[in-house]
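> Here the protein sequences come in this chain order: U and D.
Numbering follows my numbering, in which position 18 of the first sequence is assigned residue number 18; successive positions increment by one, without gaps.
Numbering follows my numbering, in which position 12 of the second sequence is assigned residue number 12; successive positions increment by one, without gaps.
Among the hints, a few may not be true.
For lysine-lysine, the following BS3-like pairs were computed, each having C-alpha atoms within a straight-line distance of at most 30 Å [what the hints assert, rightly or not]:
no.: 1; chain 1: U; residue 1: Lys130; chain 2: U; residue 2: Lys107
no.: 2; chain 1: U; residue 1: Lys73; chain 2: D; residue 2: Lys101
no.: 3; chain 1: U; residue 1: Lys101; chain 2: U; residue 2: Lys130
no.: 4; chain 1: U; residue 1: Lys101; chain 2: U; residue 2: Lys73
no.: 5; chain 1: U; residue 1: Lys73; chain 2: U; residue 2: Lys107
no.: 6; chain 1: U; residue 1: Lys10; chain 2: D; residue 2: Lys101
Here chain D is said to cover these stretches of chain U; the calculated rule only asks that three of the stretch's residues, wherever they fall, bring their Cβ under 8 Å from a Cβ of chain D [what the hints assert, rightly or not]:
no.: 7; stretch: 74-83
no.: 8; stretch: 204-214
These aren't lab readings, by the way, just hints derived from the structure by calculation.
Think of the CB as a built atom: it goes at the ideal place given N, C-alpha and C, for glycine as much as any other residue.
Given next are the chains, with one letter for each unit.
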Amino acid sequence: MAEIALAGVKKRYGETQVVHGIDVEIADGEFVVIVGPSGCGKSTLLRMVAGLEEISEGSISIAGRVVNDLEPKERDIAMVFQNYALYPHMSVFDNMAYGLKIAGTPKAEIEERVGRAARMLELEALLTRKPRQLSGGQRQRVAMGRAIVRDPAAFLFDEPLSNLDAKLRVQMRLEIKQLQKDLGTTSLYVTHDQVEAMTLADRLIVMNAGVAEQIASPMQVYEHPESVFVAGFIGSPAMNFLPGRVAQDGGSLEIRGGTARRAEALAISGQAGRELLIGVRPEHLQPVPETEADLFLDLRLVETLGADTLAHGSLPDTKSTDGATKDIFTVRLPGSVQVSAGERLALRVAPGALHLFDPDSGHRIADL
Amino acid sequence: MEKRVIFRHRTLPYLLVLPQLAITLIFFIWPATQALYQSVLRQDPFGLRTTFVGFQNFARLFADPLYLDSVKVTVVFSISVAALAMGLALLLAVMADRVIKGSTGYKTLLIWPYAVAPAIAGVLWWFLFNPTIGILAYALRAVGYDWNHFINGTDAMILIVIASAWKQVSYNFLFFLAGLQAVPRSLIEAAAIDGAGPARRFWTIIFPLLSPTTFFLLVVNVVYAFFDTFGVVHATTSGGPGQATTIMVYKVFNDGFIGLDLGSSAAQSVILMILVISLTLLQFRYIERKVQY
Numbered sequence: 001m002a003e004i005a006l007a008g009v010k011k012r013y014g015e016t017q018v019v020h021g022i023d024v025e026i027a028d029g030e031f032v033v034i035v036g037p038s039g040c041g042k043s044t045l046l047r048m049v050a051g052l053e054e055i056s057e058g059s060i061s062i063a064g065r066v067v068n069d070l071e072p073k074e075r076d077i078a079m080v081f082q083n084y085a086l087y088p089h090m091s092v093f094d095n096m097a098y099g100l101k102i103a104g105t106p107k108a109e110i111e112e113r114v115g116r117a118a119r120m121l122e123l124e125a126l127l128t129r130k131p132r133q134l135s136g137g138q139r140q141r142v143a144m145g146r147a148i149v150r151d152p153a154a155f156l157f158d159e160p161l162s163n164l165d166a167k168l169r170v171q172m173r174l175e176i177k178q179l180q181k182d183l184g185t186t187s188l189y190v191t192h193d194q195v196e197a198m199t200l201a202d203r204l205i206v207m208n209a210g211v212a213e214q215i216a217s218p219m220q221v222y223e224h225p226e227s228v229f230v231a232g233f234i235g236s237p238a239m240n241f242l243p244g245r246v247a248q249d250g251g252s253l254e255i256r257g258g259t260a261r262r263a264e265a266l267a268i269s270g271q272a273g274r275e276l277l278i279g280v281r282p283e284h285l286q287p288v289p290e291t292e293a294d295l296f297l298d299l300r301l302v303e304t305l306g307a308d309t310l311a312h313g314s315l316p317d318t319k320s321t322d323g324a325t326k327d328i329f330t331v332r333l334p335g336s337v338q339v340s341a342g343e344r345l346a347l348r349v350a351p352g353a354l355h356l357f358d359p360d361s362g363h364r365i366a367d368l
Numbered sequence: 001m002e003k004r005v006i007f008r009h010r011t012l013p014y015l016l017v018l019p020q021l022a023i024t025l026i027f028f029i030w031p032a033t034q035a036l037y038q039s040v041l042r043q044d045p046f047g048l049r050t051t052f053v054g055f056q057n058f059a060r061l062f063a064d065p066l067y068l069d070s071v072k073v074t075v076v077f078s079i080s081v082a083a084l085a086m087g088l089a090l091l092l093a094v095m096a097d098r099v100i101k102g103s104t105g106y107k108t109l110l111i112w113p114y115a116v117a118p119a120i121a122g123v124l125w126w127f128l129f130n131p132t133i134g135i136l137a138y139a140l141r142a143v144g145y146d147w148n149h150f151i152n153g154t155d156a157m158i159l160i161v162i163a164s165a166w167k168q169v170s171y172n173f174l175f176f177l178a179g180l181q182a183v184p185r186s187l188i189e190a191a192a193i194d195g196a197g198p199a200r201r202f203w204t205i206i207f208p209l210l211s212p213t214t215f216f217l218l219v220v221n222v223v224y225a226f227f228d229t230f231g232v233v234h235a236t237t238s239g240g241p242g243q244a245t246t247i248m249v250y251k252v253f254n255d256g257f258i259g260l261d262l263g264s265s266a267a268q269s270v271i272l273m274i275l276v277i278s279l280t281l282l283q284f285r286y287i288e289r290k291v292q293y
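Same shape as in the complex, but just chain U (with noise of 0.2 Å):
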């Protein structure tokens, strides 16, 4: 048990910084996730927490002790890796009680922590297994059971889900969930996979090119994402971006020439004129009759999922001059409504769910 502080954390590889100074504190028993696209610089993070990488500035602290100069052994982490890397020439018994052995365990103490372990994760009947027996679901469940025995103040998950086919990631993913809720122990777990991410966190650490984007609760990052890089990452299908401005009577927004105009009152009013980028999110918009529109869509594809229907298209002045279409614009419906391609369909943008963003900083100014 205990919380984990990181405070102005760098990476640098020689001239290359990887990590550019991530300050976070998790709470004891929190669930914090990491998500990013690859090669943000989430996995090094991970990995100097872990001790496997070494901090080039700043510090890590776990328990309220700076670990930055201790060895992997002595910061009382477990970790589960993408490739489980379960020791091969060692039975899944083996596997779990191997650092309990080196610790200098008592046999029967080793026995029993394994055993309950094993009970947890249903492995009872694989212990004497060797890992290249076992199915894909089954080692993920001997690396999470040699996290487990150690009783370590920390679980570090690198991207553990991400071998596994979709639908055992699914149910490896409630699993995962629901251990940490049992026993109650901080985590930090990395992945690329933003559904894995929402769905498991308690908290997101969302990453891009070695900076922390944004750090805050699953729907305060889906709700009130803090920069465009976040609207667009998290969430399926993406947002949608438009390019717009604060029209002249500085108390609407503008899409493109006037397709789209909202009337209500703007926080960024007497801001006349000022360039935005507007992000609407494919499940904020509802089909209405024309006189109600916001704005328009000229139907290209629609994927039928069942549940929901997703129409892709263009807004009819995203088109540029020699015709091509710029930007594809996604709305999710409902399953039940008919649509085609080829059609125009008139939209309406729910009330809160227009998000503003800088086009050069890339911050976000307000919600509406």
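Given chain U, work out where chain D should sit, using these hints.
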């Protein structure tokens, strides 16, 4: 993925394997049959008469204290060569695996001795250890050891072991390095997080994972010590002093070509042949079945 080539002509595939077949026949099958045939014959001292004696040559060998002594020498020699060559190679491979800067340079230099002919390697070490002019013998004398492989059997044995092992280190090094690089990094990291220090990680994780490589090399090194070291012995000690360094393959040569006892020499080479065949079989069976995880 299996690639099969279909030949239209019936004779072409046979023509293509013919050179290899010819080499095998002339340099292996023919001498081997000759040895088998000779091993059941005995010739008089002048080579005028040859008589069939059945397994008498073999029976005599196993009753001959000189031959049994040579077997003992061979066992000591091959175990020492294999242990020294593999131990050193593993040590070097572990160190080379850690080096990041200039690793290619180290690796290249470590591989070079393999290109040296056995006789040259022997002579090289013979000079280094020469009691009169050798720098190593000089150094040993300086620390109080009077090295002389001309009269001291143990010294002579150490000399040929060093010369033979030195050459084989390169070969073993290559395989050990490849084996080490095939051990997934995450396993070592997992062991580090589990609390294992470097030495413990090596003996409980890395070394067991290297066991297929180690076993393969053990067989290869023993076979090497049995057969390929003839040049080393011949160029340095000539089996002496006394019988101290007469390994079996050297005795085959000595009895056959110096002593001109063709029957006994042939019988000895048949014994060696049986040994190498069984070692090879052992390796195939064992490597494919037992040594895996």
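> The structure should be examined with respect to each hint, and the outcome stated for every one.
Here is what the structure says about each hint:
{"no.": "1", "hint": "U:Lys130 with U:Lys107", "verdict": "21 Å, holds"}
{"no.": "2", "hint": "U:Lys73 with D:Lys101", "verdict": "27 Å, holds"}
{"no.": "3", "hint": "U:Lys101 with U:Lys130", "verdict": "18 Å, holds"}
{"no.": "4", "hint": "U:Lys101 with U:Lys73", "verdict": "13 Å, holds"}
{"no.": "5", "hint": "U:Lys73 with U:Lys107", "verdict": "20 Å, holds"}
{"no.": "6", "hint": "U:Lys10 with D:Lys101", "verdict": "24 Å, holds"}
{"no.": "7", "hint": "74-83", "verdict": "holds (count 6)"}
{"no.": "8", "hint": "204-214", "verdict": "violated (count 0)"}
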